[in-house]
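Enquirer: Residues per chain are reported as follows:
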Amino acid sequence: MSDNAQPMPIEKVSIIVSKGSLDGVYPGLIMANGARAEGIEADLFFTFFGLDAIHKARHEHIKMATVGNPGLHFATLLGGLPGMSAVMTHYMTQRMAKLDIPSVPEFIEMIADTGAGLYACKASADLFGLEKNDFIPQVADIITVGEFYAMAAGGQIIFT
Amino acid sequence: MPTKTYRGREFEVDAEGFFTVPSQWSEDIAAEIAREEGIGELTDRHWQVIKFMRHEYDEKGAGPTVRVLGKTSGVPIKELYQLFPRGPAKIAAKIAGIPKPRGCI
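From first to last, the protein sequence lines are chains A and B.
Counting in my numbering, the first sequence runs without a single skipped number right up to 160 at its last residue.
Counting in my numbering, the second sequence runs without a single skipped number right up to 105 at its last residue.
Hints in this document: simulated from the structure, not taken from any laboratory.
Honestly, I wouldn't trust all of these hints.
[Stated by the list, open to error] To give an idea of the chain B side of the interface with chain A (calculated C-beta under 8 Å), a few residues:
1) G8
2) V66
3) G70
4) V75
5) K78
6) Y81
7) L83
8) K90
By construction, the Cβ of each residue, glycine as well, lies at the ideal position given by its N, Cα and C atoms.
Whenever a hint applies, use it, and build me the whole structure from the sequences.
Expert: Here you go:
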């Protein structure tokens, strides 16, 4: 890179997690944790099925989607067999553990410890009938989309 | 190759200011690098992390990530970010005179 054309560094990111599958949740968590490691301010906003990642009872049971997932490279029919999602989830989490990638609950606790803010989407919480005490204690608040945009001001928004 | 001068001595660094020859580093320049990174005074807790970075680099040839620091340095993640607000693994590696850790987690 030349000295006179340095692009502006990213100083803040607001990451939206909208999916509740294993492969839907991890990318946002990795982006948030990685941002904090670089000294970048980060907030996580969980919406729709992404709320499962911060749901007290559900965040330990985030599963891999095996139906309609061409990335798995096996026949669609096989993906729908009973137990297939559990088997693939087990396989993936084993592989991740070998690489020392934390489980979803541990990862989220770690990200909260880095100083990132965790927020739940109000529209989705209303839709699913969830309240603040349904979520893990690291969740700072249930916020509206308007509050999210206000919070995201001056930074980059990443939708996952 | 860019260089940096600390306490009147010249050191080889990469484009981001990380040491490329960790053996050139010595403890007496740590405070000056820390000041450059916005850390006013190095406490015993800062030093615990800096020494751990050096130790890990000597053992494994690469600096640890924040997750490894949190699990094994004896300093929990919350405190790591209080000590090094602009990224514990990254800033501590720079102060410890080792290359930037490359892990994603």
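Enquirer: Which hints from the list above does the structure break, by number from lowest to highest?
Expert: Result: hints 1, 4 and 7 break, sorted rising.
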